[in-house]
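Dock chains U and Y against chain S, hints included.
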Amino acid sequence: MSDVVMHVWRGDADGGQFEEYTVPKQDGEVVLDVIHRIQATEAPDLACRWNCKAGKCGSCSAEINGKPRLMCMTRIDTLPEGETITVTPMRAFPIIRDLVTDVSFNYEQARKVPAFNPPPRPEGGYRMSQVDVERGQEFRKCIECFMCQDVCHVIRDHEENKARYSGPRFFIRYAELEMHPLDTNDRRDLVREEMGLGMCNITKCCTEVCPEHIKITDNAIIPLKERVVDADYDPIAWLGRKILRRTKRTAEQAAVQPD
Amino acid sequence: MSEIEHHDYDVIVIGAGGAGLRAAIEAKGRGLRVALVCKSLLGKAHTVMAEGGVAAAMGNVYAEDNWKVHFRDTMRGGKMLNHWRMAQLHAQESPDRVQELEAWGALFDRTKDGKILQRDFGGHRYARLAHVGDRTGLELIRTLQQRAVSMDIDVFMECKVVRLTTDDDGAVNGAVAYWRPTGEFVTFGAKSVVLATGGVGKSWKFTSNSWESTGDGHAIAMWAGASLIDMECVQFHPTGMVWPLSVRGILVTEGVRGDGGVLRNSDGKRFMFEYVADMFRAETAESEDEADRWYDDHTAGRRPPELLPRDEVARSINSEVKAGRGSPHGGVFLDIASRRTADDIRKRLPSMYHQFMELAGVDITREAMEVGPTCHYIMGGVQVDPDTAATAVPGLYAAGEVAGGMHGSNRLGGNSLSDLIVFGRRAGIAAADRAESMAREPKLNQAQVTEYIDEALAPFTRDSGENPYDLQHELQELMQANVGIIRNEAEVVEALEKLDELKQRAANVAVGGGRAYNPGWNLATDLPSMLTVSTCTAQGARDRRESRGGQTREDFPKADPELGKVNFVQRQPSGRGFSSEITITPEPLPVMPDELMAIFEEESK
Amino acid sequence: MTTVENPATRVDNSHTPVVLGGTRGGPDTPTLRKDRWWLAPVITVTILTSFVGYATWAAFVNKNYYAGSWMHRDLISPFYSPCLAASCVPGASHGPVISFWTISPALLILIFPLGFRMTCYYYRRAYYRSFWWAPPACSVSDSHKSYSGESKFPLIFQNVHRYFFYFGLVFNVILTYDAILAFNQPGIGVGVTVGTLVLCLNATLLWLYSLSCHACRHLCGGQVKSFSAHPIRHKFWKLVTPLNAKHMQFAWVSLFVVALTDLYVRLVASGTITDFRLF
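Residue numbers (this note's numbering), protein chains in the order written: chain S, 53 to 311; chain U, 94 to 698; chain Y, 118 to 396.
Hints are computed from structural coordinates only; laboratory data are not their basis.
Hints may contain errors.
[To be verified] With a Cα cut of at most 30 Å, we get these calculated DSSO-like pairs of lysine-lysine:
1. S:Lys-267 x U:Lys-208
2. U:Lys-440 x Y:Lys-342
3. Y:Lys-269 x S:Lys-267
4. U:Lys-208 x Y:Lys-355
5. S:Lys-193 x Y:Lys-355
6. Y:Lys-342 x U:Lys-208
7. U:Lys-208 x S:Lys-193
[Unchecked claim] Some, not all, of what chain U presents toward chain S, calculated at C-beta under 10 Å:
8. Gly-136
9. Trp-197
10. Asp-202
11. Asp-206
12. Gly-230
13. Arg-235
14. Gln-238
15. Glu-251
16. Ser-301
17. Val-340
18. Pro-443
19. Pro-561
20. Gly-605
21. Ala-609
22. Tyr-610
None of these values were measured; they are calculated from a predicted model.
Note that CB positions come from ideal geometry on N, CA and C, so glycine has one too.
This is chain S alone, in the form it adopts within the complex (with noise of 0.2 Å):
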């Protein structure tokens, strides 16, 4: 059988280079097996992060031949025959070494984020319906892969705007809330305001490189946007809660932990 030839990014916060590494190609094998040959041989010092290998955990996401890919379930033989493969860090996120970044960015975020708050626990636990909590299981099968952060262009191609915006794996997070029948919060100015909702231009990124196929733009951002609308630009919703009396939460107000 041929060869693969890879050409990985080697380097740190000081700069690096991409260095080439030929290995015998394996029948079945995903990109990850050759990083950990490459590892176990010519570079034993090569950085990758990853976990469980089986597309569950999200911790091997790189950037393959220039895609956000997750370097477990990316088969060899998927890859362009006879042609060189890169394999480079996540683009939007700081460099620590080779292949593994500072993803500490989306765990900002997710402190950020006022958890669930549902009322008081009845007496043989809560009722749902199916219908309702598969709304929110959609987006909670997210594995934290953060390739959709990645790819998006509003933090991709623009640092500054990391400092107000949440991205697309917590859009997701804000929509399964905002769609969980017990929830007593209202976070739509949160997110508006704080959370940058506003930035996503729906171009469909997150949606293309999500390796669980969660469909977020359709799903969950274009439903939020739809909310904020409901709660901040359309002037017949606004009359309706003016004569029925209804409130909505400031973002103020609905930033805060449940107990």
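Okay, now just chains U and Y, sitting in the frame of chain S:
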């Protein structure tokens, strides 16, 4: 040496899987200073790999279910080697723990009347597993992670603990760790330490476990003076992928069988009917017709034999393959395509569908999967007090896979996730109690800290030596071949000799490059734990001269009633650390009180 | 939505500042993609530009938009319906007229379908990618110095999409009425011509495009927190959700067909072709 980063906490929790997160949440809820230290990023722990569900006798699907039946199933699945008190607490408390997850945002599948839906699994008499499709572990870890983050618990990610520190009285008072991204060391002072480091499966060649499962918690606990029990009891999950080679070992959820999948050999025969042990004969179907009726209505027939406990099924698959009736790549066929509609399969087993489609090019709605046993879980672990999860070392608690006793010699599917939340919480309470009772901040012994750091850095000081990857590879081959699913005296004794050699070679590992995110060095610091726990497993496998659950000896194929009354307990009585001697002694199991014994007697009538 | 007072503490974001900066990994090039990522934007630009070009010409030309009773037909171009100006060709107008409007009647109404498409979530994706290059394709860098998306003027007005959707429904009713009128062949009776079918197809596709719209899906039922508490809205939502998944296809096909419908009526009205009578 320059100044080392140091943090003081009331409680530190090592490991951020289900048990660690649950413990941290409990301690933080008491208003204490809590840190969570984990080897990977938060939310990547091995808990995400659990697929089928979390066992809790809520009785939502079968009202007949209650904690006593769950307790009975657990003890029988563990071949009565379990600590009865752990099995009891687990069965009694898991329903409440599961429902609590919903208050934190978990979304389990529902019954028609809006309660949590429960599914069938091997060894459980009733449909008992709360689940979310086939990604229940992900739901559990994400729920706990989000809860922990909302409580503002400090998380030290990609930070590997190399040793626990102890004071003059032998109590744990902190830990020494290093940041993987930088290679810089960090020390923690803590009034209580909770170990929740998971399992040991990376020491086998074909395993469902990730690189993290190197037995760090087992090893550092023993090096700090704790005892380990039942380390020979390793569960081989019956259904791992066998092809392509690069994915060999990746788990195929038991949910496939719970939802109607059946095992066939190369003749197309449902061979499990041939392998029903006497213990399970009364409740297992005799014919395919009877078994098929059971899926829709559990009163219309008895359970299909595919849903026997995991050890039984794994051994049967092993026998079929050895008898030459295996699949082309050395497994057997797991067929759900011919039994359920394509839509049903995609809906109930979405991640299995994708896993096979993308990794093996197999469409499980049209073809059978090829599966075979894969190293999955260690029932043995750190010996703990059931009520408090306290180990023999004051201040040290252990919960989850790293703790032993709960599952006896074999764990039922679904009991691991419930184990995490039941005993994670209990460990958190006990650790918090101790921290609250201690007035003074612990003070680390600097000589100890320096010794541990030097130990971890030693591979950099050698200009030439062993390649850590080669050693790991040899260890995995050895454990797979000699201490695998079927064992015998000669092979296990040979394994112990070779493990001694490997240990000596491991003391001579050399790595190059810098300390920042250097996987070669990281592996070199994992090797001592891997070799320590592998030695413990091999010793136990040698001394337990019987077949029981996760210990199968071809030279002693039957269970020995006398050995069923003892745990094999391992310690380091003289000198602690990687190179010190490990002893193994049989010690009697705790005696089950009469009222619990009655549950089993009622049944035999 | 009612506010439930919550005793919990406010999230203190101050201690989790987002750290900016840091060196990115990989070479400093716009993209490492080697596939033909530029093909999709090129196609989009070509089609949309051609459509806008054609529609502008058709709207300004102000003739041949109605084939009336003198041809034994009642076919009106969707670009000119409803025909509300005093200058409308006799028979084309069915209601009130605005007497001071003397230039092309198309210019009076085209803003509505144009606005609906301009603010449509799908077209936004298409033109942001292909015209604005923000970004031209996934993991190809966008070519803007700074970027604020739809959070500021003028793009914040994309949020009025649902109002264009409401207007779009009115137009759909009118164009459906036009399609029904197209069954009438003055002087001959009721029957079906190719033109009838064209107008019916056009109306159908416009309905599908409108009903598959994201705003419609939201208003039908997407906005509720609990489907089980709103079973009828859940039913509506379940009806439009599969349509919504095909919104992109409906957007393109209805765009082609609306232009082709205008062209067909134009060719018939100008006498270039004869509207073939089927029965």
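Here's how the hints hold up against the structure:
For the hint linking Lys-267 (chain S) to Lys-208 (chain U), the alpha-carbon distance of about 27 Å falls within 30 Å, and the restraint holds. Note on Lys-440 (chain U) and Lys-342 (chain Y): the hinted pairing holds, with a Cα-Cα distance of about 23 Å set against a maximum of 30 Å. Proximity of Lys-269 (chain Y) to Lys-267 (chain S) is assessed by CA-CA distance (about 26 Å); at most 30 Å being required, the pair is judged to hold. Taking the CA atoms of Lys-208 (chain U) and Lys-355 (chain Y), the gap is near 23 Å; set against the 30 Å cutoff, the hint holds.
Of the supplied pair hints, the one linking Lys-193 (chain S) and Lys-355 (chain Y) holds, its CA atoms being roughly 21 Å apart against a limit of 30 Å. Simply put, Lys-342 (chain Y) and Lys-208 (chain U) have alpha-carbon atoms about 18 Å apart, close enough for the 30 Å limit, and the pair holds. A threshold of 30 Å between alpha carbons decides the hint, and for Lys-208 (chain U) with Lys-193 (chain S) the separation of about 21 Å falls inside it, so the pair holds. At about 6 Å, the closest approach between the beta carbon of Gly-136 (chain U) and any beta carbon in chain S falls short of 10 Å, and the interface hint on this residue holds.
Hint status for Trp-197 (chain U): holds, given a least beta-carbon distance of 7 Å to chain S, under 10 Å. Checking Asp-202 (chain U) against chain S: minimum C-beta separation of about 7 Å stays under 10 Å; hint holds. Given the 10 Å rule on beta carbons, the hint for Asp-206 (chain U) holds: about 7 Å separates it from the nearest Cβ of chain S. Checking Gly-230 (chain U) against chain S by beta carbon gives a least distance of about 8 Å; that is within 10 Å, so the hint holds.
Annotation: Arg-235 (chain U) was flagged as interfacial toward chain S, and the flag holds, the nearest CB pair being 6 Å apart, inside 10 Å. Because the beta carbon of Gln-238 (chain U) sits about 8 Å from the nearest beta carbon in chain S, less than 10 Å, this interface hint is met. Hint status for Glu-251 (chain U): holds, given a least beta-carbon distance of 8 Å to chain S, under 10 Å. The interface hint given for Ser-301 (chain U) holds, since its Cβ lies 8 Å from the closest Cβ of chain S, which is under the 10 Å cut-off.
Evaluation of the Val-340 (chain U) hint against chain S yields a held restraint, the C-beta minimum of about 7 Å falling below 10 Å. Restraint check, Pro-443 (chain U) versus chain S: the minimum CB separation of about 8 Å is within 10 Å; hint holds. With a least beta-carbon distance of about 7 Å to chain S, the hint placing Pro-561 (chain U) at the interface is held under the 10 Å criterion. For Gly-605 (chain U), the shortest C-beta to C-beta distance to chain S is roughly 6 Å, which falls under 10 Å, so the interface hint holds.
Restraint check, Ala-609 (chain U) versus chain S: the minimum CB separation of about 5 Å is within 10 Å; hint holds. The beta carbon of Tyr-610 (chain U) comes within 4 Å of a beta carbon in chain S, closer than 10 Å, and the hint placing it at the interface holds.
Of the numbered hints given earlier, the model fails none.
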